[in-house]
Amino acid sequence: MRIEQHPILSFDRGEKVTFVFNGRPVEGYTNETIAAALHAAGIRTLSHSPELDRPRGLFCAIGNCSSCRMTVDGEPNVRICVTKVREGMTVEEQSGKGVVKP
Amino acid sequence: MIRDIDLMIVGGGPAGLMAALAAAEAAPEGAKILLCERDEALGGQLVKQTHKFFGSEKQHAGERGIFIGRGLSDAVHAEAKIEVMTDATVLGLYEDGIVTVLNDDKHLKFRPRKLIVATGASEKFLAFPGNDLPGIYGAGAVQTLMNVSGVKPAERVVMVGAGNIGLIVSYQLLQAGVDVACVVEAAPKIGGYLVHASKLARSGVPIRTGWTVKEAFGDQELEGVVLIRLDENFQPIEGTEETVYCDTLCLAVGLSPLAELLYQADCAMTYVRELSGAVPVVDEDLMTSVSGIYVCGDVSGIEEASSAMVEGRLAGFAAAKALGWNADLAQAEIEKAREELNELRSGPTGARIRAGIAKVQERREGSC
Amino acid sequence: MLSQNGIPTAEDLQQVMPSEERLNKGPVAIAECFQCIPCNPCSTACPVHAITVQPDINQTPVIDWDRCIGCRQCVAACPGLAIFVVDMAYRPDMATVTIPFEFLPVPEKGMKAQGLSRAGAPLGWFEVVEARQARGNNLTWLVTLAVPKDLAMEVRNIKAGGYRNE
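Those protein sequences? They're chains A, B and C, same order as listed.
Mapping the first sequence onto the numbering used here, position 101 (from 1) lands on 107, and the numbers just tick up by one.
Mapping the second sequence onto the numbering used here, position 112 (from 1) lands on 187, and the numbers just tick up by one.
Mapping the third sequence onto the numbering used here, position 113 (from 1) lands on 427, and the numbers just tick up by one.
Because the hints were derived from the structure by calculation, they are not lab data.
Be aware that one or more of the hints could be misleading.
Across the chosen pairs, the derived CB separations fall in these ranges [to be verified]: (1) A:T24 / B:D180: 20 to 28 Å; (2) C:A435 / B:S421: 32 to 40 Å; (3) A:G48 / B:E440: 38 to 46 Å; (4) C:R381 / B:P263: 33 to 41 Å; (5) B:T164 / A:T24: 55 to 63 Å; (6) B:A353 / A:R60: 29 to 37 Å; (7) C:M315 / A:T36: 44 to 52 Å; (8) C:Q329 / B:P263: 46 to 54 Å; (9) C:D370 / B:E313: 20 to 28 Å.
Just so it is clear, CB atoms sit at the ideal spot from N, CA and C, and this is done for glycine as well.
Let the sequences and hints guide you as you build the complete structure.
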């Protein structure tokens, strides 16, 4: 959910775009990070731990901790908390350390 | 290609912005000052501080952090002597004085005569069963989602930590329409400013000192937490467990200095509890043990943003003085900044910082 | 206790209260600021120099209530939202309390708003006699409620969204 009115802030979200998260379309705005757009859509499980397969979300949202790494347009280990949404981009849960495509 | 510059500043938060402006004030025409910021915009964590800052007029007291950040960012962009590079992550400091930067997928090399590291801090984590569930965040992360992106990050939150960050973010959650179930604090007393605590109390948010999180539970995502009371030795008291249902748990349990670059440069570091982690051993000009490398803000010890701004000015003028830029002005401004820092730290809430800084000084003298 | 739950005690409050005589004369600022923190915007905001934070910015404010004109500049300026203006001379049986408010929506003049105590407990529905935004880029609203005199020292917040037209 997005905040519609705020006592202190106004939000310049940019243009509305659609991107693909694990095969399904999600709406976001060009000034939002992928993490923000996913959270606005109620999605906060971003990956699963490599050994115990436990669900994982983000922790810091400012690019420090790497808890939010996903595969974006085929590139693994993208910190989605500091990567902006673009029209048509694909965002996928990555397995393990991810695979760099040749 | 290696670019030679006079001064590089790493980090565009309150400390780095002030350092850049200070150095530019003393710099002659043609001086080359480069400010590198890893984010796409300047401001650091000021961009999400919707509350009014404390301090005096000299530190913009009474203004909201977000507007202070915009003002400083605009001033830096408007200053011809400062080149701003955003989306620029400083990767390495090398023995021969080369600094490498990742910018726009390019690997750039610089050779600055002086360097100011203002990299800030990262949020600490807390160990308890279930702490890896989605829905458990740093308080600053929730603040970013809410105040930078305008996303309602939760429906119902339990906040861990009644320091300033925990108290402030709890209030900001209320402002975004989120229910805050309670603030739990392991210590027997509230650590943050009591005026922030009173704002929460009169909004009906209970602050529970002497409590902590025993465990978090949920099938795939967080569904609730079990709280437990602590005795005076911070040991859990069996039988006092209480379940609180919530979709989000925020950890506001302190910050750690982001000092990786200083380790790379082989700056002498020392662990000081009062400064919340390993900090560089600095002299009165905020210069580290490596000549020409200065620090300011949270990387030199966790403190309020108002102090970070003044430290930024001190480090900026100190680097300018070392570069031979307008030594009289620089020296006068250094002294003013020291006085301001002393004033900000002189009260009871500054006792911890004073003790921490005294330890750093002792270790510096011990190593000489 | 304030340092444990954020709620000031009667003893805390006694230290910052004007005399009954002064209260009965008209609007006056009360700074519910009990901790020495480095902060002084209340003092610089006061147009009649009634508030001092001395000898350094780590002291709590001292208000000269004979000088204070109850203008509410300090209410808007205080970063801790800890200053309130109380007017015991509003009406024979009613007082007003001005509260710094930073939630949306803001209650409008003429509405009834739910008043809360320092512990967040509801104390009743009170008429909003004024709601105005502080000057400049401050964004804090100053909302004034008319309350029975015996609640003038109790009502310190408004429930966000707790308003109704009557």
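Status of each hint after checking the structure:
1. A:T24 / B:D180: 20 to 28 Å: 25 Å, holds
2. C:A435 / B:S421: 32 to 40 Å: 37 Å, holds
3. A:G48 / B:E440: 38 to 46 Å: Between G48 (chain A) and E440 (chain B), where Cβ atoms are some 56 Å apart, the hint is violated.
4. C:R381 / B:P263: 33 to 41 Å: Check passed, 40 Å falls within 33 to 41 Å.
5. B:T164 / A:T24: 55 to 63 Å: At roughly 29 Å between Cβ atoms, T24 (chain A) and T164 (chain B) fall outside 55 to 63 Å, so the hint is violated.
6. B:A353 / A:R60: 29 to 37 Å: Holds, since A353 (chain B) and R60 (chain A) (Cβ atoms, about 30 Å apart) stay within the stated range.
7. C:M315 / A:T36: 44 to 52 Å: 50 Å, holds
8. C:Q329 / B:P263: 46 to 54 Å: Since the Cβ atoms of Q329 (chain C) and P263 (chain B) sit about 23 Å apart, the hinted range of 46 to 54 Å is violated.
9. C:D370 / B:E313: 20 to 28 Å: 47 Å, violated
Hints 3, 5, 8, 9 from the earlier list are contradicted by this structure; the remaining hints agree with it.
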